Amino acid sequence: MGDHGLSLLGALADALDRRLGWRERRARAIADLSRPVPPHVGWAYTLGSTALALLVLQIATGIALALHYQPTPEAAHASVAHIQDRVRLGWLVRSAHAWGAHFLVALLLAHAARVFLTGGHKKPRELTWVLGAKLLFITLALAFTGQLLPWSELSYWGAVVGLEQVRITPAVGPAAGDLLAGGPGVGPATLTRFYVLHILLLPALAAALLAAHLALVRRLGIAPLASTAEEDAQGHDALCAGGDPYVPHHILKEAAVAIVAAAALVTAAALWPPELGARAGRTTPPGIRPEWYFLAVYQYLKYWPSTIFGVPGEKFAVCLLIAATTAFAALPFLDRSPERRPARRKLALAVAGCFLFAWTALTLLGSLSENELSLFGHHWRFDTYGRPK
Amino acid sequence: MPEPFTNRRDFLNLALGAWAAAAAGGVAGVLGASALPVHEPPQTVKVQKSDLKDGIALAELGGSPVAVLVTPAGPVAFSLSCTHARCTVRWDPAARGFACPCHGGKFDAEGRVLAGPPPAPLRRLDLKDAGDAWEITG
Ligand code: HEM
Ligand code: FES
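Residue numbers (the numbering used here), protein chains in the order written: chain R, 1 to 389; chain X, 1001 to 1138.
Hints listed in this document are in silico derivations from the structure and should not be mistaken for laboratory results. In this text, all values refer to a predicted model and were calculated from it rather than measured experimentally. The beta carbon of each residue, even a glycine, is placed where N, CA and C say it ideally should be. You can trust all of the hints, since none of them are fake.
Covered by chain R, per the in silico footprint, the following chain X stretches (three or more residues, Cβ under 8 Å):
(1) 1026-1038
(2) 1063-1070
(3) 1084-1093
(4) 1096-1110
(5) 1113-1119
The following block holds chain R by itself, in its conformation from the complex:
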């Protein structure tokens, strides 16, 4: 192009600037983004934007898959096999989308843990947390609805069992189950509905909540480590004195972590593409097990008696689960001390530690249950409760 081309581009930029005023807007945005973050803010504070980067990648691979995927029970499995075996680099796109779900869930859990540990959920950022929790639930719903789409044995029976857990919820359960499944069992209507949820409704909802989440993060700034009372008294700006400017310092850290995460994702996707498995049929294969992030719930449900006072025990189990997830979303209103420094929040951290322990233990038991393990020359088999047989 040379000089001539560049001056053409410059002229175009000038013309657009006269109409949109983008140069001034950009200058103002950069000045705003260059305000310092609190001095303690470091690498742990890059997880949210890394999740954002992978979310964008997830949308891109999702669109590529949607160009070939066919959402009917007759065609779905074959169309995914086609993507995997015939479409150029289709196997990589599918693998990256599947791995992206794992990465995204893991990043969001780590992001939420970072926020909790540093007291970022406390006043005045309660709403930021509530919106974030909803984003986590939507991400899990995206993972669940996406899993059915290949219509393989595992995905089909996973959806059957998962939907039954929705149906058992007292009061709203049966109607919610009907609405999600489009009928009593998992059939063609279910695939259509899960597809609409997966590519339309849930992404749209996530985009709206995400916009609000990020707007709040910008408006309120990253939480300082000082207590909420100190932040109230001194103001956020004063507590950021001595911190790095967000642009260019912190944003470079965010970009670095996002690039490493994306590289790890592509590496995993290239090395370990997921299997498609057999097409779903009427018989249930043994060993149906949910993804790792649902294993704890799956295992937890098993320890309840089949009936309590003539009512299915899982009704109580599901109520407790809903209470726990509600408590998670409403955490800022339960964890109310003004302190943010971990050392001054021993009780809150101890309670969270107990939950983390239970969750990890249940996840391990869930992965061992009805499974075998060989370690150091020993061989164990485990029953449905995760006890060695």
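Take the given structure of chain R and dock chain X with the ligands to it, following the hints.
Relative to chain R, chain X with the ligands alone:
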């Protein structure tokens, strides 16, 4: 109590708000109703008696697995969807019972729960003798 509608602007704002709320409610109502699944009437399937194997004949009714089991008291039709979470139970001829592959549920030949999380017996379906076949309805 504050005076209602002390000026035109308040009144118009309220009227517009009420109109928007009613319109949104109407649209949500119509969309919600259309989203509910249409319930199919009970369906019927014929199971040939010659399909019997190990005392049981398998079939599909409305997309769900069903079976006719011949017991000493006569033939009985069951839905094979486990009452726990709808996995398909399997007939075990040696144990003369049904076993569920998902969470270890077990049922006897009458469909009663023997073990595991299922909260209710297997669902029985209407069965009619039609000569060399049975008609199952459910
Ligand atoms: C798609 C999902 C999400 C995205 C893209 C996202 C993005 C972000 C970003 C970029 C930040 C700035 C600080 C940082 O990166 O650490 C942030 C802050 C925050 N996030 Fe998220 N987030 C998501 C989900 C969540 C979840 C699951 C929670 C908690 C349940 C949460 C709670 C918060 C809170 C309270 C802050 C403010 C923390 C502070 O000021 O220290 N977010 N989020
Ligand atoms: S679905 Fe049969 S035991 Fe759970």
